[in-house]
Amino acid sequence: MSGNFPPPSGDFSFTSEYQGSTNDEDTESLTESIIGVQEENGRTYHSYQAGSYPYPNDEREKERLELQYECISVLFGGRLFFAPWSRQHYPGTILDIGTGTGRWAIEMGDKFPLSTIRATDLSPIQTTHVPPNVNFCIEDGSLPWHPSLFYDYVHTRMTVGCWSDFCTDVCTQAYAQLNPGGWFESQELDPWVYCDDGTMPDSFQPLVWVQEMSEIADEAQRPVLMAQTARQSYEQAGFQNVRELAFRIPLNDWGGGGNLTRLERRVGRMWEENMLEGLSAMSLGLYTRYRNMNQKRVEGRLLHVRRGLRDKNVHAYMRIVVVLGQKPTSPDRGVTGPSLQMT
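Just remember that the numbering used here sits 617 ahead of the position in the sequence shown, which is counted from 1.
Some hints could be false.
[Claimed, not checked] Distance windows between CB atoms, simulated: (1) P730 <-> G659: 37 to 43 Å; (2) L862 <-> G815: 23 to 29 Å; (3) R883 <-> Q828: 27 to 33 Å; (4) Y811 <-> D835: 18 to 24 Å.
I should point out that these hints are in silico values taken from the structure, not numbers from a laboratory.
Each residue gets a CB set at the ideal place from its N, CA and C atoms; glycine is no exception.
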């Protein structure tokens, strides 16, 4: 195990660039700029690095993120990770980037009580009831990481739309800050809409919506199709033992005509609810900022998408892509540490 930073407090902390002011007015202004919110189209958004993440952080979105977390948990069969950790060989230090509500970090803290977990996000939306080995920090993972903090395991989940360049912003920095033999793992949504049986027409509105969103997100320099090239990003950053797993996530339960397992039907029902609830959150920021559409017009556009999401005659799905890789112990000796055995 490694211990590269002080034991966490179980509360929020700020990176060093925000510390040092002794003026009460400056401190109040600084705190508001970090933990405050900005209101837009009836939703609230993060204040720190305002505008860099186009999705809301209000209570409604937190509830949706909890539903989404449950859906992914069912899809993964309850697994938190696919890196070769165990109770006998566990990561001493963990970094969870873009932690959201903090559920993953909290469950990892419970699973590995001797690990120290640092979980970062732009928004302070995490619960304060956390294990003593978990510390939440308000931080932008795309900025240079603290050079003195090193980790055995770096993790991302569902950070689509967070990065201008996933390889540069995250993979390269994860490689630099991992201890030799450490693992980096990403569990990311590929929001493209797929269909294998010919039931999806080109005019299928969820597909058209994703095409539009991808185009707008590229303009915003927050591409949403990063999962499709995540493996290449890992390899480009220098990781070895790179593996990729892809999980099908149906848009709904496909009724009685689709070839879905019982588990996939359950996941499909959960994902349909997640998408119907999250459609506005995913769309408003990008459409209003980059297409000059008002909220009413955006919601009108989404009516057709919602209808498509409910259409059980179209056997469409998205994917969750898991990529993981290991940092070598040295350029010459290759990797050591726990071996990867995929089942």
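Each hint tested on the structure:
Checked against the hint of 37 to 43 Å, the C-beta distance between P730 and G659 comes to roughly 41 Å, which is consistent with it. At about 26 Å, the beta-carbon gap between L862 and G815 stays in the expected band of 23 to 29 Å. Take R883 and Q828: their Cβ atoms lie about 28 Å apart, and the range 27 to 33 Å holds. Checked against the hint of 18 to 24 Å, the pair Y811 and D835 passes, with Cβ atoms roughly 20 Å apart.
Against the hints set out earlier in the document, no violation occurs for any number.
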